[in-house]
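Asker: Chains as they are written, first to last, in the numbering used here: chain X, 1 to 166; chain E, 1 to 422; chain U, 1 to 112; chain V, 1 to 489.
Heads up, some of the hints might be wrong.
To be verified - Computed beta-carbon distance windows for the label pairs:
#1 E:ASN124 <-> X:VAL18: 27 to 37 Å
#2 X:LYS161 <-> E:SER244: 33 to 43 Å
#3 E:ASN124 <-> X:LEU149: 22 to 32 Å
#4 V:LEU8 <-> E:ASN124: 44 to 54 Å
#5 E:ARG418 <-> V:LEU9: 24 to 34 Å
#6 V:ALA479 <-> E:LEU420: 49 to 59 Å
#7 E:ASN124 <-> V:LEU9: 29 to 39 Å
If you're looking for bench data, these hints aren't it; they were derived computationally from the structure.
Where is the CB? At the ideal position from N, CA and C, for every residue including glycine.
Here's the letter readout for the chains.
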Amino acid sequence: MNPYFFYAFATITVLMVVLMILQKNPITGAMCLIVSFFSLAGLYVLLEAHFIAVLQILVYAGAIMVLFIFVIMFLNLKKEDLKTGRRPFYQFAALIASGALVTFLVVQYTKIPPVSFPESVAGFGTVEAIGSLMFSKYVIAFEVIGLLLLVGIIGAVLLGKKENHD
Amino acid sequence: MDTQLLHFIIVTLKLVIPFAIILTFIPLLVWLERKGSAFIQDRPGPNRAAIMGIRLCGLIHPFADAMKLMFKEDIIPSQVHKFFYVLAPFIALSVASVTFLVIPFAAPMPFGGGVLSFQAANINAGVLYILAMTSMGVFGIMLAGWASNNKFARLGGLRSSAQMISYELSMGLAVISVIMWAGSLALNDIVSLQGANILRWNFIYDPLACLIFITAAFAETNRTPFDLPEGESELVAGYHTEYSSMKFSMFFMAEYANMVIASALIVTLFFGGWQIPFLDTNTFRTNADYYLYYFLVAAAVCCVILGTFLSIKFKKGRFGDKRDYEPLVFGVPAVVAGLAIFCLLVVLGRFPLPLEAANWIVAVCQIFTFLFKVLLMCWVFIWVRWTVPRIRYDQLMDLGWKFMLPLAMLNIVITAVRMLWQ
Amino acid sequence: MHPRSVDFEIHMHVSIHHYLVLAAVLFCLGLLGVIIQRNILIMLMCIEVLMNSINLTFIALARYYNQVDGHLVAIFVMAIAAVEAAIGLGIVISLFRNRQSIDINDFNSMRG
Amino acid sequence: METNIQNLLNILVGGITIWILCAGALLCLLIDALWPRKMSVPVYTIGILTLIVTLCSAWYQWLQPDLPAAQDLLVIDLHTLFFITLVVLVGILTILNALGYMQLHNDLTAEFCSLIIFSIIGMVFFFSSDHLLINFIGLETMSLSIYVLVGSHKKNFKSNEAAIKYFIIGGVASAIFLYGVAMFYGAYGTLKISELAMALPTQGLDYLPKTAVAFILTGIFFKLAVVPFHFWAPDVYEGAPSPVTGFMATGVKIASFGFAIRIFIGINVLDMPQIQNLLVVVVVATFIVGNLLAIVQDDVKRMLAYSSVSHAGFVLFGMLAGFREGRYEPFSSHTVMFYLLGYLLMTLGAFAILSLMIRKRSEATHYTDLEGLGHSKPLLAGLFTLFMFSMVGMPGTVGFAAKYSVISLAVQNGHIGLAILAVVMSIVSAFYYLRPSVTMFFKKGAGGCPVIQEIPFTSSASITFCAFTVIYLGLNPDAFIKLAKIAAF
Numbered sequence: 001m002n003p004y005f006f007y008a009f010a011t012i013t014v015l016m017v018v019l020m021i022l023q024k025n026p027i028t029g030a031m032c033l034i035v036s037f038f039s040l041a042g043l044y045v046l047l048e049a050h051f052i053a054v055l056q057i058l059v060y061a062g063a064i065m066v067l068f069i070f071v072i073m074f075l076n077l078k079k080e081d082l083k084t085g086r087r088p089f090y091q092f093a094a095l096i097a098s099g100a101l102v103t104f105l106v107v108q109y110t111k112i113p114p115v116s117f118p119e120s121v122a123g124f125g126t127v128e129a130i131g132s133l134m135f136s137k138y139v140i141a142f143e144v145i146g147l148l149l150l151v152g153i154i155g156a157v158l159l160g161k162k163e164n165h166d
Numbered sequence: 001m002d003t004q005l006l007h008f009i010i011v012t013l014k015l016v017i018p019f020a021i022i023l024t025f026i027p028l029l030v031w032l033e034r035k036g037s038a039f040i041q042d043r044p045g046p047n048r049a050a051i052m053g054i055r056l057c058g059l060i061h062p063f064a065d066a067m068k069l070m071f072k073e074d075i076i077p078s079q080v081h082k083f084f085y086v087l088a089p090f091i092a093l094s095v096a097s098v099t100f101l102v103i104p105f106a107a108p109m110p111f112g113g114g115v116l117s118f119q120a121a122n123i124n125a126g127v128l129y130i131l132a133m134t135s136m137g138v139f140g141i142m143l144a145g146w147a148s149n150n151k152f153a154r155l156g157g158l159r160s161s162a163q164m165i166s167y168e169l170s171m172g173l174a175v176i177s178v179i180m181w182a183g184s185l186a187l188n189d190i191v192s193l194q195g196a197n198i199l200r201w202n203f204i205y206d207p208l209a210c211l212i213f214i215t216a217a218f219a220e221t222n223r224t225p226f227d228l229p230e231g232e233s234e235l236v237a238g239y240h241t242e243y244s245s246m247k248f249s250m251f252f253m254a255e256y257a258n259m260v261i262a263s264a265l266i267v268t269l270f271f272g273g274w275q276i277p278f279l280d281t282n283t284f285r286t287n288a289d290y291y292l293y294y295f296l297v298a299a300a301v302c303c304v305i306l307g308t309f310l311s312i313k314f315k316k317g318r319f320g321d322k323r324d325y326e327p328l329v330f331g332v333p334a335v336v337a338g339l340a341i342f343c344l345l346v347v348l349g350r351f352p353l354p355l356e357a358a359n360w361i362v363a364v365c366q367i368f369t370f371l372f373k374v375l376l377m378c379w380v381f382i383w384v385r386w387t388v389p390r391i392r393y394d395q396l397m398d399l400g401w402k403f404m405l406p407l408a409m410l411n412i413v414i415t416a417v418r419m420l421w422q
Numbered sequence: 001m002h003p004r005s006v007d008f009e010i011h012m013h014v015s016i017h018h019y020l021v022l023a024a025v026l027f028c029l030g031l032l033g034v035i036i037q038r039n040i041l042i043m044l045m046c047i048e049v050l051m052n053s054i055n056l057t058f059i060a061l062a063r064y065y066n067q068v069d070g071h072l073v074a075i076f077v078m079a080i081a082a083v084e085a086a087i088g089l090g091i092v093i094s095l096f097r098n099r100q101s102i103d104i105n106d107f108n109s110m111r112g
Numbered sequence: 001m002e003t004n005i006q007n008l009l010n011i012l013v014g015g016i017t018i019w020i021l022c023a024g025a026l027l028c029l030l031i032d033a034l035w036p037r038k039m040s041v042p043v044y045t046i047g048i049l050t051l052i053v054t055l056c057s058a059w060y061q062w063l064q065p066d067l068p069a070a071q072d073l074l075v076i077d078l079h080t081l082f083f084i085t086l087v088v089l090v091g092i093l094t095i096l097n098a099l100g101y102m103q104l105h106n107d108l109t110a111e112f113c114s115l116i117i118f119s120i121i122g123m124v125f126f127f128s129s130d131h132l133l134i135n136f137i138g139l140e141t142m143s144l145s146i147y148v149l150v151g152s153h154k155k156n157f158k159s160n161e162a163a164i165k166y167f168i169i170g171g172v173a174s175a176i177f178l179y180g181v182a183m184f185y186g187a188y189g190t191l192k193i194s195e196l197a198m199a200l201p202t203q204g205l206d207y208l209p210k211t212a213v214a215f216i217l218t219g220i221f222f223k224l225a226v227v228p229f230h231f232w233a234p235d236v237y238e239g240a241p242s243p244v245t246g247f248m249a250t251g252v253k254i255a256s257f258g259f260a261i262r263i264f265i266g267i268n269v270l271d272m273p274q275i276q277n278l279l280v281v282v283v284v285a286t287f288i289v290g291n292l293l294a295i296v297q298d299d300v301k302r303m304l305a306y307s308s309v310s311h312a313g314f315v316l317f318g319m320l321a322g323f324r325e326g327r328y329e330p331f332s333s334h335t336v337m338f339y340l341l342g343y344l345l346m347t348l349g350a351f352a353i354l355s356l357m358i359r360k361r362s363e364a365t366h367y368t369d370l371e372g373l374g375h376s377k378p379l380l381a382g383l384f385t386l387f388m389f390s391m392v393g394m395p396g397t398v399g400f401a402a403k404y405s406v407i408s409l410a411v412q413n414g415h416i417g418l419a420i421l422a423v424v425m426s427i428v429s430a431f432y433y434l435r436p437s438v439t440m441f442f443k444k445g446a447g448g449c450p451v452i453q454e455i456p457f458t459s460s461a462s463i464t465f466c467a468f469t470v471i472y473l474g475l476n477p478d479a480f481i482k483l484a485k486i487a488a489f
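Given the sequences, and given the hints that come with them, work out the whole structure.
Answerer: Put into structure tokens, the structure is as follows:
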């Protein structure tokens, strides 16, 4: 595994997420996020999860973000809707808090000895391996996810539709 | 030769050739579209542009168009969001061209101790990759619509995204039944499984999926009858209202590139991909010399007949200019070449081919078969565009959600039952 | 084979903790975004970032343990994230219909 | 193939309660879609019938000598069945309340019913699975349904606002929970609770479990709305339609505690002094902040929100009381279960009455709206007072029995200081619980129409049921404590 790829993808991902959280304009934020999703897919490829990498692009970039941009365009935001008010103290506190959290986690993780990854077993991360596990051990989870998606459909329709009778 | 260098060259060629093919297909398709529409509407079509009087049935027109668009002034309107306005056409075109990487052009071929596959990237989840990439195409259109800051453009972008989301579902579900038959997501496996027998190709074996997929592909490429994002009767020109010059032409090219890719995908999934009808790869390889000989004979005969037919149409003063000589320019060399090949074949007789050469011949034939099928499919796209009227937006949504989606789900159930049956 | 049986290699290899640290950074950035952003749409995107950082953790760990289970989790998390996005955007739309704003600070009709 | 069919059969038979719920929810949807005229009553009837059938099948399974092993990821044991009974009871009462609410407001749609049932399915998976991933999926199914339910009052701005706040907080909480799950996976290489109970952390990753527990507990604390993760609760409770508020206040807490008991017993890493200390801090903060802030509210729903915060603290105190010498005693979970049963009945009874309060086609739950209610509807006001008394913990009501069992357990296991705090806070709570009753009976309304005009049949059914059981269980708690003891591990 080439470390340069890792560093490149990691830098792009983090940079784009940082850009996103500093954005006022939701479209720009969404585009930043899409780029970071792509580089995450690259990281998944480095981790030999090709199927997940493609799904990442298909689901996140291709479905979820399209939905986001659709809604942004649908809402037809004006410039003045995107005003910003600075709340420096609040933001500073948030920054400190999440900085503390990340330091804590990083300190924890860096205690892990830097073992490089083991050789992957044959068929690791292929569609067959994932599929056979999904329909045997995790069949219950699969069923519940079906229900969850149904809930999503009902919810989105219920919340999104205009009421006709008035 | 150094194997590493060879490897490098092969990878480069694999990357370059698909792009080259798309790029050559685009002007060809523009010409085909204009000529085809003219044929359908019973008019001559483009026939004015000429280089030194040579018109080539209007084939010069696409080049003239390209020249014009390239040298036009590139206007960036003042109200647009500049960055995304410039970015959008690039996204549209580049997304359209990377999809071609996983399409197999011919059967994998033994080569230099290894296997040479005619596919830039043999991804385990090829079908998903294509679905993912086609769903990226919408970003170009949506960004163009948003960045133009114009209500028509915005409406076009909005429509396009809604349309893409709706039809991607039935497209994906239609592919699933194909995947179920093939037991693999790799496109090459799907093609290999269909075999040389036309009856096993998926358009006969699984016709419902084919129908749904083709319909969804029309919607995904924003072609009539689903070209609402740019429906000029309502939205001026939809998402590319504000674009001009090269940026406009990039959208234009992206549309045709998408068409080529959709056709290639339809051919790969449902029409046997690179399979030559009734001639499977192994039979062809072992008997390559035989097939080559008779193919050349047939080609020579065709050349002679066609050339003669053209030549006798020559009549001086038909147009009164250089176009009078067109039949002769094409006809006489064809006859001569046909006769020459025929004589050569008769003199040489059938000659045995080395294994490498046989393999290459098979590969080339398969590539041409594939491209021919793609061209035919593109013609279907053009044919539909000029014969079917645009549908209304609510009809579009109803068709997608209330008809095609349930039908695609039903098809999966049918496929599952058929698989259990067998 | 257990991961520990591999000899320690301290040179330029990318190891599990690189990925875990990256995921932790993304997670905290997502949290930070949810807190400091005022635009609801971007807040929803930040929640997607949170989900993604968790996916990255799971996939890196799946590679570490050589189990496909982590990939399964990632797939399920993607499905959940999709549903969350759909419902969240539905709420945003119904909110926007009532009050033409997507600024979280405008939503303070309830005080106690 | 054979094993697969056997496996499926096991899943079908073992999880029969869940599948009945699924079938009922889908039936509700289908009837709503296919019924020629838009009528919600048949849909709601189907919903209630489904829940009753589920209750019966749960009892039937309870009486079986040996439960079928559904699948190793889905555990149907007595603990699960007890909690299924609780959440299904919540569902029935909520649908009854919602029917009454709907008749008054003419607003709720038929999807409401199926969303309630979907949410219950999510809860069942949340506390009954042995695999943290499925727990999480259950949690999300529950939460996502509730986000929609909270926002289902679309034209009401408060409802939208509550939905978006709850959604964002809930999304973050779920993510924190899942990150904890990911850390468990990192530490042990498995997500099955029964394997986690025995596993040892992978070398080098043994720092992770503590953090994982902290993250998972934080996620649950957000859902439970205990201090310091309570700040969303009052707004969301106020904004949501009243039946939904009742559902959230009870169902989510029951499911979360069902899950919490499962992991407290399953994962031995929880038996750490740090975790106990964390629980002590949270419980003390919740007692103090919840009760004190409830006093200053002047809206009944907001008051009940803070009261539910403090009740969550009480239940958490019940969990904490189960620790004896640093280990969680599985058997002691029966106090928590009984407390949850009592809490469910009194809260849903109170919310059934709140659902009836309407003025000018919108909810009217401010204290000033209550004035004069004791004269126009004395019986209803009396029952409301009964529920409030029960929440305080008056002897003779279920609230007393529940609080008594928790405090006596705490004293037994040596948590004396906290027990005293709990008693003091119960006395403090009398201030705000009795304020609505005082307003109802001793303040004359300023004229105009009283806030409750008609009482639909369904609402009166649920109020009667709650009132009856609150008194019955208050006078005769032993039978049900015995049941809870059987269900405890």
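Asker: Indicate whether the distance between the beta carbons of LYS161 of chain X and SER244 of chain E respects the range 33 to 43 Å.
Answerer: 39 Å, holds
Asker: Could you see if the CB distance from LEU8 of chain V to ASN124 of chain E stays within 44 to 54 Å?
Answerer: The hint (44 to 54 Å, Cβ to Cβ) is violated, given that LEU8 of chain V and ASN124 of chain E are roughly 29 Å apart.
Asker: Taking the beta carbons of ASN124 of chain E and LEU149 of chain X, is their distance inside 22 to 32 Å?
Answerer: 25 Å, holds
Asker: Between ARG418 of chain E and LEU9 of chain V, does the beta-carbon spacing fit 24 to 34 Å?
Answerer: Once the Cβ atoms are compared, 25 Å apart, the range 24 to 34 Å for LEU9 of chain V and ARG418 of chain E holds.
Asker: Given a hint of 27 to 37 Å, does the C-beta separation of ASN124 of chain E and VAL18 of chain X actually sit inside it?
Answerer: 33 Å, holds
Asker: Holds or violated: the 29 to 39 Å window for the beta-carbon distance between ASN124 of chain E and LEU9 of chain V?
Answerer: Given a distance of about 34 Å, which is inside 29 to 39 Å, the answer is holds.
Asker: Return holds or violated for the Cβ distance of ALA479 of chain V and LEU420 of chain E against the range 49 to 59 Å.
Answerer: 52 Å, holds
When each numbered hint is compared with the structure, a violation occurs for hint 4 only.
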